[in-house]
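Novice: With the hints as extra help, turn the sequences into a complete structure.
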Amino acid sequence: MTTIGLIINPMAGRDIRRLVAAASLQSAPEKMLTARRLMAGMAAVAGTEVVMVNDYEGFGRYALHELGDLLPVRLVEADREPSNGASTTNWARRLEDAGARVIVSVGGDGTQRNVAQASLAVPVLPVAGGTNNVACWTGDQTAAGYAAALYAARGDDPLVVGRQAKMIHVQLESGHEEVALIDAALVRQAYTGALAVWRAEDVEQLLLSIADPVRPGLSNVGGFFQPVYADDDAALRLALAGEGAGRQPVLAVMAPGLIVPFYVDSSERVALGAQVPWSRAEGGSVALDGERTVVLRPGEPVYLRVERDGPFVLEPRRILAEPAIV
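For the sequence shown, my numbering begins at 653 and goes up steadily by one.
Hints in this document: simulated from the structure, not taken from any laboratory. For glycine and all other residues, C-beta sits at the position ideal for the given N, C-alpha and C.
Derived DEER-like restraints, expressed as beta-carbon distance ranges:
{"hint": "1", "residue 1": "825", "residue 2": "853", "range": "21 to 31 Å"}
{"hint": "2", "residue 1": "974", "residue 2": "816", "range": "16 to 26 Å"}
{"hint": "3", "residue 1": "718", "residue 2": "947", "range": "37 to 47 Å"}
{"hint": "4", "residue 1": "972", "residue 2": "899", "range": "40 to 50 Å"}
{"hint": "5", "residue 1": "699", "residue 2": "824", "range": "38 to 48 Å"}
{"hint": "6", "residue 1": "692", "residue 2": "913", "range": "38 to 48 Å"}
{"hint": "7", "residue 1": "900", "residue 2": "699", "range": "51 to 61 Å"}
{"hint": "8", "residue 1": "729", "residue 2": "894", "range": "49 to 59 Å"}
{"hint": "9", "residue 1": "671", "residue 2": "771", "range": "26 to 36 Å"}
{"hint": "10", "residue 1": "653", "residue 2": "825", "range": "46 to 56 Å"}
{"hint": "11", "residue 1": "710", "residue 2": "750", "range": "16 to 26 Å"}
{"hint": "12", "residue 1": "883", "residue 2": "910", "range": "26 to 36 Å"}
Specialist: Structure, rendered in structure tokens:
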């Protein structure tokens, strides 16, 4: 039996950008349709089973009772509390411990960040299911499930059919470290609030591991200056400023249905491992993958760097380009 771990984040795609932009609500029924499509693809490879967490919201139990006709579903126990970022990290570890050879995670960039925090030895296949899905596969979900099952059954080399992701490391003065997969932002507000960043005027600095002109979010800003992609061994730093001083605005897609102007003061390509220092005399916060996460005291420094030491991420196109022999 070949085991695939499946994570469905109940909270992905439900933040404030449903009110301030035109992002779609990722409802529970839609997420279960995503699970059905993924599992239909996995079922095409004989001897595949899915392992899920017996989560508080009941996605695992639903899959066991309603999708078990597609292929075997096994549940593992976890803390029974409403889902959050820490629980997603814990789920990824539980599924790896349960024998999963690959973790398929459904959610946006925030979900994939939480999975990356688990420091898994097995690769992941991140599937879009949130607001900003820069770190995610956005193609057909049935094909993604089929690719995951083929990978698990054949034992492909993850560096042949995928890549090791870049990771943004954020070192605080206390010694505590946070990470992000796609973007880190120095934000003016000294609170986390509704978490999501959607106003251009709130952002002073950006460090991007990926700067993509066709995906929404803070990554989109850098994509219009110097695109940086997942395979590029580099990052992009941007210093932003207010309107004026002859600066021309750069329009960026901050969220689905929301285009806002940014005024870029300077930009530079940054080598992997190079340290980028930030601080604000008035205090502020650091947003990670689009969500305010760390509050900074006035003048408190924070040091950032980008390394290629993130999770191994599978690419369905590369897997399915190989003969489907198991």
